[in-house]
Amino acid sequence: MSKALKSKAQVVRILIPAAKAAPTPPVGPALGARGVKSMDFCKEFNARTAHIEPGIPTPTLITIQPDRTFTFITKTPPTSYFLKKAANIEKGTGKPGHEVVGTISLKHVFEIAKIKATDDHLRHLRLEAIASTVVGSAKTLGIRVVP
Amino acid sequence: MSLLVVVRRQSTTFVCGSCRVRTYAAKAGKKGGNPSAPGFPTKLPPVETTYNGTSSCPPGTALPGLNYLKGQPSVVALPDEDYPPWLWTLLEPKNLVDDGPGGKAEKVQLRKQNRQRIRDQNLLKTQ
Chain Y
97 MSKALKSKAQ VVRILIPAAK AAPTPPVGPA LGARGVKSMD FCKEFNARTA
147 HIEPGIPTPT LITIQPDRTF TFITKTPPTS YFLKKAANIE KGTGKPGHEV
197 VGTISLKHVF EIAKIKATDD HLRHLRLEAI ASTVVGSAKT LGIRVVP
Chain F
4 MSLLVVVRRQ STTFVCGSCR VRTYAAKAGK KGGNPSAPGF PTKLPPVETT
54 YNGTSSCPPG TALPGLNYLK GQPSVVALPD EDYPPWLWTL LEPKNLVDDG
104 PGGKAEKVQL RKQNRQRIRD QNLLKTQ
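Going down the list, the protein sequences come from chains Y and F. Quick note on my numbering: the first sequence kicks off at 97 and runs consecutively. Quick note on my numbering: the second sequence kicks off at 4 and runs consecutively.
Keep in mind that the hints were calculated from the coordinates and are not lab data. Some hints could be false.
What the hints assert, rightly or not - Subject to a maximum C-alpha distance of 30 angstroms in a straight line, what follows is the list of computed DSS-like cross-link-like pairs (lysine-lysine):
#1 Lys-181/Y <-> Lys-73/F
#2 Lys-115/F <-> Lys-187/Y
#3 Lys-191/Y <-> Lys-115/F
#4 Lys-107/F <-> Lys-210/Y
#5 Lys-128/F <-> Lys-115/F
All chains should be built: construct the whole structure from the sequences, respecting the hints.
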């Protein structure tokens, strides 16, 4: 058995505020533990998310190769973030289905779906399908959707 | 007498017909509950979910939070005609056309049953 086959590429999933990556936790330890220089990552991340309003949580997928080089993909902000902003609430309910914490119109749902449709991994879906997933997310947050 | 009431007060509440959700024991004396307290489950008023020509969001209302790109002007609601027709049917329950054995309706039913069975089994494991 050759020892030359080192560990496979590791994937780190993390939510980082756009253009505000810093070496401090949570980013620092998550990357540092895998041997990536967090400063390099932060500079590249901030450059790539410069077009986004700063501070918006951006899900990123960081793939770290065994030789400590990394690549990363950024996605659109989480649907729950958009829904909470649209309904003007801080947190979703603790009892989905029994409590309603906000109301939203189908027009909000449409616009959110439009944003999510720009995401790579949703490219194959019809806008109608994406919109129905947004409605489902609203349900779990306790946000009522009205026409 | 009141002690008995407190002791016998159940620590589980019925959520739906077949499953009980464990909650903290209800406090004695809070039988009616306080409707004005925040978070009290008020009876949800029935909401119109069928589109009847006019949306609840008039054109021109600002939709907050959706301009996530830098320098993007705030997103504004358009008049109802500018939205695709399928949007207004999103809230209606899907009616499945029965295509007989092996059809889509059967698949959806089976998936629903399987998931419910898993949930019941998981609940039993916690008991």
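Results of checking the hints against the structure:
1. Lys-181/Y <-> Lys-73/F: Holds, at roughly 16 angstroms.
2. Lys-115/F <-> Lys-187/Y: 29 angstroms, holds
3. Lys-191/Y <-> Lys-115/F: It holds: about 21 angstroms lies between the C-alpha atoms, which stays within 30 angstroms.
4. Lys-107/F <-> Lys-210/Y: 28 angstroms, holds
5. Lys-128/F <-> Lys-115/F: 20 angstroms, holds
The structure fails none of the hints (numbered hints given earlier).
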